[in-house]
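Q: Protein chains in written order, with my numbering: chain A, 93 to 401; chain B, 1282 to 1818.
Some clues are possibly wrong.
Below, simulated PhoX-like cross-link-like pairs (lysine-lysine); rule was C-alpha separation at most 20 Å, straight line [what the hints assert, rightly or not]:
id : chain 1 : residue 1 : chain 2 : residue 2
1  : B       : Lys-1611  : B       : Lys-1562
2  : B       : Lys-1661  : B       : Lys-1590
3  : B       : Lys-1332  : B       : Lys-1506
4  : A       : Lys-145   : B       : Lys-1332
5  : A       : Lys-152   : B       : Lys-1412
6  : B       : Lys-1712  : B       : Lys-1587
7  : B       : Lys-1523  : B       : Lys-1818
8  : B       : Lys-1485  : A       : Lys-145
9  : B       : Lys-1818  : B       : Lys-1525
10 : B       : Lys-1412  : A       : Lys-145
11 : B       : Lys-1467  : B       : Lys-1446
12 : B       : Lys-1389  : B       : Lys-1399
If you're looking for bench data, these hints aren't it; they were derived computationally from the structure. Predicted, not measured: the structure shown is a model, and the values here were computed from it.
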Amino acid sequence: MGRYVARRLLQMIPVFLGSTLLIFSMMYALPGDPVRALYGEQAIDQAQIAEIKRSLGLDKPFLLQYWDYLTGLFQGDFGTQIASQQPVADVIADAFPITARLTIFAFLFTVVVGITLGVVAGLRPDTLVDKSLLALTLLLISVPSFVLGYAFQYFFAFQLGWVDPNVNDPENYGQLLLPAIVLGSLSLAYVARLTRTSIAENLRADYVRTAVAKGLPRRRIVGVHLMRNSLIPVVTFLGSDLGALMGGAVVTEGIFNVRGVGYTVYEALSRREGSTVVGVVTLIVIIYLVCSLLVDLLYAVLDPRIRYA
Amino acid sequence: MRGAKSAKWVAGAIVVALAATACGGGSEDGGNKTAGQPDGYVSIDVGEPQKPLVPADTNESLGAYVIKALFTGPVSYDAEGNLEMANAESVETEDSKTWTIKLKQGWKFHDGTPVTAKTYVDAWNWYANIKNNQQNSFWFADIAGYEDVHPESGDPKGDTMSGLKVVDETTFTVELTNPVPYWEYKLGYSTFAPLPEAFYKDPKGFGQKPVGNGPYKFEKWDHKKLIQVAAWDEYQGDNKAKNKGILFKNYTTVEAAYQDLLSGNLDMIRQVGPKDLPKYKQDLGDRAVDAPYAAIQGITPVFYSKQWKDIDPKVLQGLSMAIDRETITKTVLNGTRTPAKSFTPPQVNGNQDLDTDVFTYNPEKAKQLIKEGGGVPDNKIFIQFNADGGHKEWVTAVCESIRNATGVDCVGDAKPDFQTDLEARDNDQVKSFYRGGWVADYPLNVNFLRELYWSKAEANNGRFSDEEIDKLFQQGDNAATLEESIKAYQEAEKVVLEKMPSIPLWYYRINGGHSENVDNVNVDFHGDFVLDEVTVK
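Just need the whole structure built from these sequences, with the hints factored in.
A: Now the structure itself:
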């Protein structure tokens, strides 16, 4: 088991190198010069632009720039932003906890509400409860998240006045509630449907019948035997979803004024702040990898037949 | 057993992951829990400045807002765009070449050190030095000895400009390389602000925590969230703050800012987004702010292209008359622009009535002029614009108007974003027309003519080059006084109209608003709120 984890962690190194190189070259290939763009439509000063680029190392050839970036990275230096002259590490450290909080909030919402709804519906397949869950999830899946975001903002913040329309303080969980629900709602629909199908299917499985025949209490049958087996596909989905939630926060963060990773990447991209984009995206890639490792390890917990050597 | 053992690993991994996020999350300070603001402060949606807060490194509107609150330069402009003295007692010259600047007595920086002639001279020398990477360094190019600190290539020869001389504690003289009769107008740009001694010890740290000589004192900069400044009691200038301080709040979208204005969490919004424009006047009533300012937008033909190389200006005048500015500004642009009537906006000194019908919609005459001028080569034009700036709607409308009026085919040429658009302009890769805007650096007609149509101007991306116009501009620069210079440029503008280096479309307006908590929200020539005048109810 320990060796398996170590091997998986080692595999992250080539993925990390590959993804940074890929994103770095994409940023390099984009048209537009970040230093020139600082001057906008006003008069420009070629000599000063050249000097700023020289001092930032932006005048070097592509591979040399990438090498500088990598060597800096291994010394813990994520680079410096071109315009603000702030260390990229600081920018990321400002934005990441906010998105992490939002994502974890949305994730918990997805897990708790989604699985509960799924179990409730799955235990009574084809009843009114089940049908209404199907209708609700269909609605959530078909409505784009920005429509849902603006609609929720309008109803809950402006018409009913229950919550603040915008997040002004990312440490206030009351303000984060609405964006978290919007962010988590799509995954919620998938999780509820997956759980429902899986539970409804396993309900007819032999081992459940055996358990019932043995005279086990219903709580134990559902809670231990049924749930454990039914959650495997759900866990797979949730693992990959955690990464997707982080990426998907871009739209939601825009609507609710959350200054997280999505906003940072969007802004950096439009200003061609290469090192910021590479830094953030690489971090998301790593989180994605860690999540999928956790999922694979969780299989072993849920299903004793799966072993890793 | 197997399951239990793996569970340990999973738990361990989760703990590590959570600890990693918690480290970042827990370190922020515990205060600032409420969305409210300190008593007597006003708030405005001014996002994160792009650059550190150093006067000569700030050229975008967000940073400029903060710099203007923290620093006061020698002169400033009144609401009509006329020059008035600020930190300077007088700015005088006899030959437009040597200028004497006398400062007012008793002015101090926020750290208590006096504002002297030396603080100005040292600051200007530092700003101009190419090694200090200040974005506005070229603003000092008029001063003699500029090329010593800011050479075209290579290292600077020294770190002082020979044209700057300290006479006494509060007087210094500036010698320019060539006479510039309107040079004092440039001095109103915040780039000419002084710096305290403390700056030179740690320029980098200063940019995060500036010490100025303006009406407000820096309090804190919570990156990407807000910048807070407090009114400074010891301020000596006329524009002393009428409120207790300002919060510059960062919003991710204009829509979000507008929602906060409606719900009373924000006092002022600079621009209402397109989504809310049709209804903002109903929402806000007399709290809506709709005012013109000194900026212009137009479409500029590129004279390096085959199409426009040796074109008869009549064709361009015809195209100009084929654009129904009145209707487009009213409908597509929701009244956010005013139709242009000349090459300069009305808020600048020297704006004149050109007495022409070139800017009036007249399909008959448009057709006739284009015919007289020999027609549009290829009978098709393109208008290049950046798709991330909300220009698509009006470009389409302008094209429609031209097509209907003259039969000349017209298509928008979208570049994905502003950077790509600028790159095509800089590299002479524009096909036919490009969309161009210009906001006044200083409220003078010179700024809208010389910077755009002089053959060697950096912003002349149409590469328009005309000896007669260059000569007329030169005459304006050689004029003995400011008034004569303005007049000469007015004469030049009349010739510009005959040559049509660009087709002006409309002047900008600011469409913002304020909350019920504040009053006296006025707009300056630049389209910015005059924050020191805002009062709290």
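Q: Against the structure, test the hints numbered earlier, and report the numbers of the ones violated in rising order.
A: Every hint satisfied by this model.
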